[in-house]
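Asker: Here are the chains, one letter per residue:
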Amino acid sequence: MVTVSMTVNGKQVSGEVEPRTLLVEFLRYNLGLTGTHVGCDTSQCGCCVVHVDGDSVKSCTMLAVQADGSSVTTIEGLAQGGKLHPVQEAFRENHGLQCGFCTPGMIMSAADLLQKNPSPTEHEVREWLEGNLCRCTGYHNIVKSILAAAATMQGAARAAE
Amino acid sequence: MVEKGIGVRVVRKEDQRFVTGKGRYTDDINQPGQAYAYFVRSPHAHARIVSIDKASAESMPGVLAVLTGEDCAADGLGNNVCGWLVKSKDGSPMKMGPHPLLAQGKVRYVGDPVAVIVADTYQQAKDAGEALEVEYDVLEPVVSLADAHDAGVLVHDEVPNNLVYDWELGDKAAVDAAFAKAAHVSRIDLVNNRLVPNAMEPRAAVGHYDPGSDSFTCYVTSQNPHVHRLVMSAFIGIAPEHKLRVVAPDVGGGFGSKIFIYSEECVVTWASKKIGGRPVKWTAERGEAFISDAHGRDHITHAELALDAEGNCLALRVNTKANLGAYMSTFSSSIPTYLYATLLAGQYKTPAIYADVQAYYTNTVPVDAYRGAGRPEASFLLEVLMDQAAREIGMDPAEFRRKNFIPKDAFPYQTPVALVYDVGNYEATLDEALRLADYKNFPARRAESERRGKLRGIGISCYIEACGIAPSSVVGSLGAGVGLWESAKVRFTHTGKVQVFTGTHTHGQGHETTFAQVVADKLGVPYEDVEVIHGDTDKTPVGMGTYGSRSLAVGGEALVKACNKIVEKGKKIAAHMLEAAEADIEFKNGQFSVAGTDKSVSMAQVAFTAYVPHNYPQGLEPGLEESAFFDPPNFTYPAGTYVCEVEVDPATGVVQIVRFVAVDDFGNVVNPMIVEGQVHGGLAQGIGQALLEGAVYDEGGQLLTGSYMDYGMPRADMLPDFEVVTVSGTACTANSLGVKGCGEAGAIGSPPAVINAITDAIGVRVEMPATPEKVWRAIQSTRLARAAE
Amino acid sequence: MYNFTYHRPKSLAEAAALLAQSEDAKLMAGGQTYLPTLKQRLAQPSDIIDLGAVAELKGIKEEAGGITIGAMTRHADVAHSEVVRRVIPALAALAEDIGDPQVRHRGTIGGSISNNDPAADYPAAVVALNATVRTNKREIPADQFFTGMFETALERDEIVTAVHFPKPEKAAYVKFPNPASRYAVVGVFVARTGGAVRVAVTGAAPCVFRWTEAEQALGSSFTPSALDNAGIDADNLNNDIHASAEYRAHLVKVMAKRAVEAAA
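Note that the protein sequences, when read in sequence, are chains R, Z and L.
So for the first sequence, numbering that gives the first Met the number 0 puts the first residue at 0; every next one is plus one.
So for the second sequence, numbering that gives the first Met the number 0 puts the first residue at 0; every next one is plus one.
So for the third sequence, numbering that gives the first Met the number 0 puts the first residue at 0; every next one is plus one.
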């Protein structure tokens, strides 16, 4: 067993894990953060996407020990001060989810897109989602949600100027 | 008026928890002392189990139990069951081999569970699973459906030719007579490709035995927890029904694959008792899901359509071979029969139809219902054949369909394949779809594509489906082992809040929202004051669950009936409170009032009075809580027209969907936003089937498409922005809400639209999935043929 | 996943020493291929030496008119590098299209070429651009680096440190992705550097290869139509459920023409 320490959703955490423990397993079992899901074994579905040091990654394709010293944000840490992140709000408003299983990964992926490309085209959104599978929505309302979130965030940014 | 009642685009109640990561799926449930199960599965498609030596696995670290089929038998556990008895043409019952929880004697597909290892951690269980010594005597498998009859290999010794049943429907003599006088006959051979459901949440179960109460709890990814409880109790024999609680918490998509009662949930529940009551959890890895979730479709069909000289359909003759896999899954027998051939009339007035279906065992994963279940297969066959016939006689495919539609004044309409369609207006959805798709200007768009070296095609599909399968007496007479009613309970609290309990289950459909809308509408209470509770056999009334787009049409109507009872009782209480005769009390918008006066009391006041009955009608029971069951008089019949436009790159065979229009008649609609979302998802699955999904086995029975590396799933960048329109349609007459169901339409109507569009583009039909290579080869062959002319 | 001992060296020297210590030790770069392999229990290393903390292996710099990319530089960093976009835009575009965004945030060029997956994208760039692979021991020319399916010229205790790409006059990469995995069914990188044309094909065969007939044809005329009569033998190409050898041979030509068109 080895000790890992990292910042998760702004809190310093540590735990004892086997080296083979995946980051997603550490989050789900050691920390009880079950919002991050596992939907495949081959790194395609994206149900497990979290942010590590500011970038979206698949937490099923990273060892917990590799995240030692990193800052991790999961779906549970996206809302700030009880207020939903604009991407979360947009998914709710635009029916961007059905069963909800792919949703945390989808939202974390989308939030990363919008921090890197604040006003993506529909085509860019669809391409960005290459690493996120959804079986319920046909992606239609997911794409709509992300574009709506982009518009909201752009509006908020302009208002702040 | 209630602000968020029927017909309003209400944002979903359930989403707050899902967007914040607070959903609670089966694998999120962790209990003190929880152990983990790993299933050792057959690596062979067909083999005799010579021996299983448990010792090496039992001695591995953390191992609590190693259990096999022999242990199941020793404990008297029953086998998995198929709940629908189909009879062959000669009246004999279908032939089945036993389907034990863990293999006994033989394994019959790659993935067949052989043993379970229970250990302190999952990795320990898996380590021990690898150490378990199983000796197999490998047998020749029968893998291909086409070969199943004459392979000389039997999946089950008691089933000759692997033929489970040879079933028929329709008037053969009438069909033969019609063909004899046909001016034109269109013939087709086609395959409906085998699919893997792939709900994003893999199946999971946590079994827990409580020695104190001698009772069991099973958390499981189920679309129908009461059906799980019934089968696990009455057939598997885990515990009597009153000692078994089944909970289906948040479930991450089902699409049919989570209807069925699988070995794993039975085994972990039983195993919990074997290890003294520690909870036992199993969660499928995705690779495991590919070889253990029931697959869908997998038909080979030959069909013929007879036409008269004017292009009227005279008769349809269909022969289908259906692959049921290595064992009969929970409802597998009904899919290629009563859910398939009964839909072969489509939207058309074809007077004579005959279908016969041979269902076979093969050494592959069991096949059962997958989104649409039989109806997509019927719709695909019919709509591709209609298109072909139109081309052969030189008619526009849209006009050919229109000519053969059941006219809107012909309802109720008795089809030649048993169903009675209650309502419909097929021209309305066709017209709207053609208008939205700008059908008449397609030639200009085709010419523009040609200038860019691309091939453009347009395809139509006019589908019909049957939802809310019922009534129970009819399905019972056809062989169903269960009733297909639904239940509901409505409970007011002291403070006027409402708890709604339903026997259906929501796993993406949004019942927590739509059912609350219905109740708010019917009882005139604020939508926010209604909470929908489902998925727990200890909390909800006995129900049949969610599949076949039945929840609103059957479960929703049960809810309406319960609401009506609340209102009836409320009138008695209100009459007493208002000192008026019950007959004079009117109920509207949450207020009970005395007709012709301004005297009224609110539903909340009535509810309070019901629980604090200090001044109360004599003889009336206190409380305000009503239950109802609903057994519909008929199926519901959603229908519509889908138009797909594709552009094909002749250099690579890549098909791009440039436009997709879906126009559906779902009758009345409770929440248009949710209905459109259901269609979007169905379209993606149907387009997936048409273009890239397909389970492929090698000759030895290994699943070659066993992960997302090899099984193509639809992604965002291959799908267009859908144009989905729900017309204000023909209200269904089988329920007072006038609703029909919308969960499967997209997956039923879209595959033929896509394939017809490709055929239109390249001039020849390719089998699904229409992969780039198949399309490219088809283009090459037509070019060679043209060059040779 | 089987258990292993985990190491996170801070320097190349430390990593090399760890690698030399154990016969069954394995290096891990971004882990985007290796971790799924381990999860499926297809490999059982005794030790994993994670190169993630070796700072000297990261970074992109202009050098000798070309670009040198550190082995642990992520695909996303290559894709978004101002230097790469300016000097070899085709390389940035290739990196932008590897896997998906999350894979690009972890996967590295060193990991990709050391693994030499037959369907990986980077090997095509390394070969077509006639890059030089630098290791802790030597420099290996592209043509000698990729030796077979999942095989390279690397010795057991050798670590890729960087790849140096000369600047081409014209270059482009076009791939035909597998609809399921999105790996290349066929990917063709075409480059003209110092007047010489190289055409490297990935995905189509067990290992990246140069399509010499196309190189000759394009040497005389760098136009798509120059490839009309260039032949490619389907016999040596992969044949699987995703694409027959014949279809792959056809796609090689189509992708090559499109690459020439994009490069020209």
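There's no promise every hint is true.
Claimed, not checked - Here are the computed lysine-lysine pairs in the DSBU-like style, where the Cα-Cα straight-line distance is at most 30 Å: (1) Z:125 with L:38; (2) Z:453 with Z:496; (3) Z:86 with Z:125; (4) Z:453 with L:169; (5) R:10 with Z:21.
Everything labelled a hint here was simulated from the structure, so no lab data went into it.
Asker: Take the hints in turn and mark each one as holding or not.
Answerer: Verification of the supplied hints:
1. Z:125 with L:38: Holds. Residue 125 of chain Z to residue 38 of chain L sits at ~12 Å (cutoff 30 Å).
2. Z:453 with Z:496: violated, 61 Å
3. Z:86 with Z:125: violated, 42 Å
4. Z:453 with L:169: Holds: residue 453 of chain Z and residue 169 of chain L sit about 28 Å apart, inside 30 Å.
5. R:10 with Z:21: holds, 18 Å
Going down the numbered hints, you'll see the structure goes against 2 and 3, while the others check out.
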